[in-house]
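> Sequence:
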Amino acid sequence: MSNWKEEIVSWGKAVGIAVIIVVVVRNLIFAPYIVKGESMLPTLQNDNRLIVSKFSKWEGYKHFDIIVFNAPDSKEKYIKRIIGLPGDTVEMKHDTLYINGKAYNEPYLKTWKEKNETEGLVTGDFTLQEITNKKVIPKGYVFVLGDNRLVSKDSRYFGLVPMKDIVGKAVLRIWPVDEAGLVK
3 MSNWKEEIVS WGKAVGIAVI IVVVVRNLIF APYIVKGESM LPTLQNDNRL
53 IVSKFSKWEG YKHFDIIVFN APDSKEKYIK RIIGLPGDTV EMKHDTLYIN
103 GKAYNEPYLK TWKEKNETEG LVTGDFTLQE ITNKKVIPKG YVFVLGDNRL
153 VSKDSRYFGL VPMKDIVGKA VLRIWPVDEA GLVK
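Letter by letter, the sequence shown follows residues 3 to 186 in my numbering.
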């Protein structure tokens, strides 16, 4: 075989391997996600570009992880914060979150709480049972809320999210560049 044919075959193999790697990484490890809407303000802005880790399906989820999931009421994907895990009770009372009876500070809501001090509550009172008719989150489900509680369409609206519908955990903001970094 001539030298240029060997070069073409070599490049073809390299491109083929690169395509396989991209497909595997994209489908099994990481996925891009573009934030749409204001439900996660101020943590995430409309049109932020994120990298979502699909490893979390095997690592497990924690309270306050930000996840992307298949919306239960449309063909879209939503991004919200996990508030309740299987076995938890969740309650909001006087703008304070209670998980299993313990009060939690939500530092990501500081901006909204300061802004709304004179305007009212950031999150209306609720209990898990009022929303889902369940006292405890069942196995295989999570309870999610958006950080912009006044406009977010979340578990208060559509109920519990099946864990099988979770795409992954938002781990990295890549756009805009000046806000690039880990998602918290």
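Everything labelled a hint here was simulated from the structure, so no lab data went into it. Don't take every hint at face value.
The following label-pair restraints were derived from C-beta to C-beta distances [as the list claims (entries may be wrong)]:
1. Ile133 with Ser12: 11 to 21 Å
2. Ile23 with Lys95: 47 to 57 Å
3. Ile23 with Leu123: 23 to 33 Å
4. Asp180 with Trp6: 19 to 29 Å
5. Lys7 with Pro44: 31 to 41 Å
6. Lys15 with Asn107: 51 to 61 Å
7. Lys141 with Lys104: 18 to 28 Å
8. Lys141 with Ser76: 23 to 33 Å
9. Lys79 with Tyr106: 21 to 31 Å
Glycine included, C-beta positions come from ideal geometry on N, C-alpha and C.
> Name the hints, by number, that the structure is in violation of.
Failing hints, ascending: 1, 3, 4, 5.
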